[in-house]
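Taken in order, these protein sequences are the chains called A and B. Positions in the first sequence are counted from 1; adding 121 to them yields my numbering. Positions in the second sequence are counted from 1; adding 121 to them yields my numbering.
Everything labelled a hint here was simulated from the structure, so no lab data went into it. Be careful, since some hints might not be right.
The list treats identical chains as one, so a pair stands whether inside a single copy or across any two.
List time: in silico DSSO-like cross-link candidates among lysine-lysine, alpha-carbon distance up to 27 angstroms [stated by the list, open to error]:
1. K213 <-> K490
2. K461 <-> K394
3. K490 <-> K150
4. K343 <-> K434
5. K201 <-> K337
6. K213 <-> K493
Protein chains: 2
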Amino acid sequence: MQGNMLIAHGGGPTPVINASLYGALIAAKDAAQIGNIYAAHYGIEGVFAEDFIDLRAQSDEDIALLPYTPASAVGSCRRKLKSDDYPVLLEKFKKYGIRYFFYNGGNDSMDTCNKIAGLAKSSGYDMKVIGIPKTIDNDLCRTNHCPGYGSSARYYAVTAAELKQDVMSLPIHVVVMEVMGRNAGWLTAATAFAEPDLIYLPEVAFDKEAFLSDIKRLWNTKKGILVCASEGIRYADGKMVADSGIVDGFGHTVPGGAAQSLADMIMTETGIKARGEKPGLIGRTSVALQTERDRNEAIAAGRFAVESALQGKTGFMVSIAADGSLSLVPLGDVANAERKFPLEWIVNGNRISDAFKAYAAPLVGEMPKFSKLEGRT
Amino acid sequence: MQGNMLIAHGGGPTPVINASLYGALIAAKDAAQIGNIYAAHYGIEGVFAEDFIDLRAQSDEDIALLPYTPASAVGSCRRKLKSDDYPVLLEKFKKYGIRYFFYNGGNDSMDTCNKIAGLAKSSGYDMKVIGIPKTIDNDLCRTNHCPGYGSSARYYAVTAAELKQDVMSLPIHVVVMEVMGRNAGWLTAATAFAEPDLIYLPEVAFDKEAFLSDIKRLWNTKKGILVCASEGIRYADGKMVADSGIVDGFGHTVPGGAAQSLADMIMTETGIKARGEKPGLIGRTSVALQTERDRNEAIAAGRFAVESALQGKTGFMVSIAADGSLSLVPLGDVANAERKFPLEWIVNGNRISDAFKAYAAPLVGEMPKFSKLEGRT
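In isolation and in its complexed conformation, chain A is listed as follows (with noise of 0.2 angstroms):
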């Protein structure tokens, strides 16, 4: 089938979401079907308001920037379609000859693809439709892991180690990193390959009573500690820790964050000095902490998503083995499903056991070594 061809990012970024659209493009220019290669501005909302970008226009140092370039290079949208979006979205592509159609994003975004290869099957247009994964959080199922995984887990995991040091050597308070995952644990637990004192996942109901315990036993016997805590912990009865609960002049809850409540629950509580630190959106942007494998993995993604499409596949995602071997799943098996944390793997609520660390180190890599001096006088 001769025809254009259309990427679109969905949801946030990811260190290497350029690396597969540096792999889709490299695919596509070699392809003698593929007549423009388009990528939506702005993700989704790029299709609604005709606004592309022109992938073929784009310099070569431009091209080969992108698997070193954070953040999405053809901007990207959080927008929730409705039923009646779809038709709409399905006019657009006929509008501009669209007969490629690749998605890359997580959960809600290979809903979105599904519904759109079900509308182009459904209503006889000829669209090859194929989900590219996407999520720091590690979250689609059937896939081993997801693109944007490994450098986003690398970044926790080295910086807990960095901030382990700091703590460790002016050991005069408890530092308290927040790491991304709203729901899911799986970043959050990359931080056990620092040995962190205490990790604490959204898939655990954050105890209070045991934390500060376990703070002013860990604090009787050294001063320098180390917590890395999910943003999104909540309390058994569901509320959020990070919610403060203070409520500002008009009336809106000051939001706060998972960190820094710890950090003032230790203050407040124990009156152990205690900070807080959010590196945020940092821990999906960081480029040097961005992994070969992952960006290597991440351009193959693209790459095998546009062949597949060549070969007439359509409703399918690339999915991606321990091995780093590509296939295709349907992507009705993962739209608006989520891979959960293994609960098995979170060992007395603040500890993560080795069988994660078996399943995440290929992932995250060798550990940078430090100097560990000794021989005292």
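Fit chain B to the known structure of chain A by using the hints.
Frame of chain A; chain B shown alone:
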């Protein structure tokens, strides 16, 4: 003079303080005049406690890793010395036959160093004392820049550039990044290399009305906005912006953070979505963004300190010129003085002049190049 050597770290670590330790150790190991080489464990506290690390006993690998190890490999402290502490220190130096003392720190440490040098001289104890500069804050006088500043400045410049990519690619909010440096804006100014929308240094009284008006004006033209602000910004009356004014049940003020405070302010007063990111201590521990120049200069400064002491010099701090060449300046000129950020480099209270960039560019190094896709349909 034949004798033992002692080196100590003072205050907060930098990304390259262990590089200076490495340089000093390498120079000392080869010197016939130096017997034992001690590092004080946890800074000057280790001298009082007679808790020393034998640097001659370290493995080649641990020594080679020092320049790439974040935080302090021998430990540091924030103890403020009192006048009657000095005679105690001198007794410890005598007891351990210390004839060469090196103190690696900032303003306070250089004051301590100066007093120790003075006391040794006045009491007739022959000990060579040299200060090695160290501070990410870059606020030491009589040196073009300080080891630690270049790497930390690069961390904030590159991180701001990455965050800007993120906020531009998914323009749904204002992102505020908090930068270390409570009293000095040198680090916050480094974010100018990323050209964020607004920059707030602690040297300028923070004007809430002007800030909110700037945010609203920017939001009307584009949605993705990046603000970089020092952790130490204050209102004209001296009140910290980070001071939320919220008092907990124990009567303590909940400290909060500058970035989260600004994000809360934006959300509650304009209704625009905002988030605050606070890398915090990560800004002084990142090895991935450590610069080669900073590492090499830190090594050279440690080496030069030892070589100078072996030549009989005492009572000086190592100073670094713009071209990286080293010299000695009297500790008395540096002790407790503070190198202010030039106010004429701050434009309109929220931008940084090219004069700063001309100063800092050789220290921050080349900014990463990102792909810029154009060619809209």
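For a quick check of understanding: which of the numbered hints are violated here, in increasing order? 1, 2 and 4
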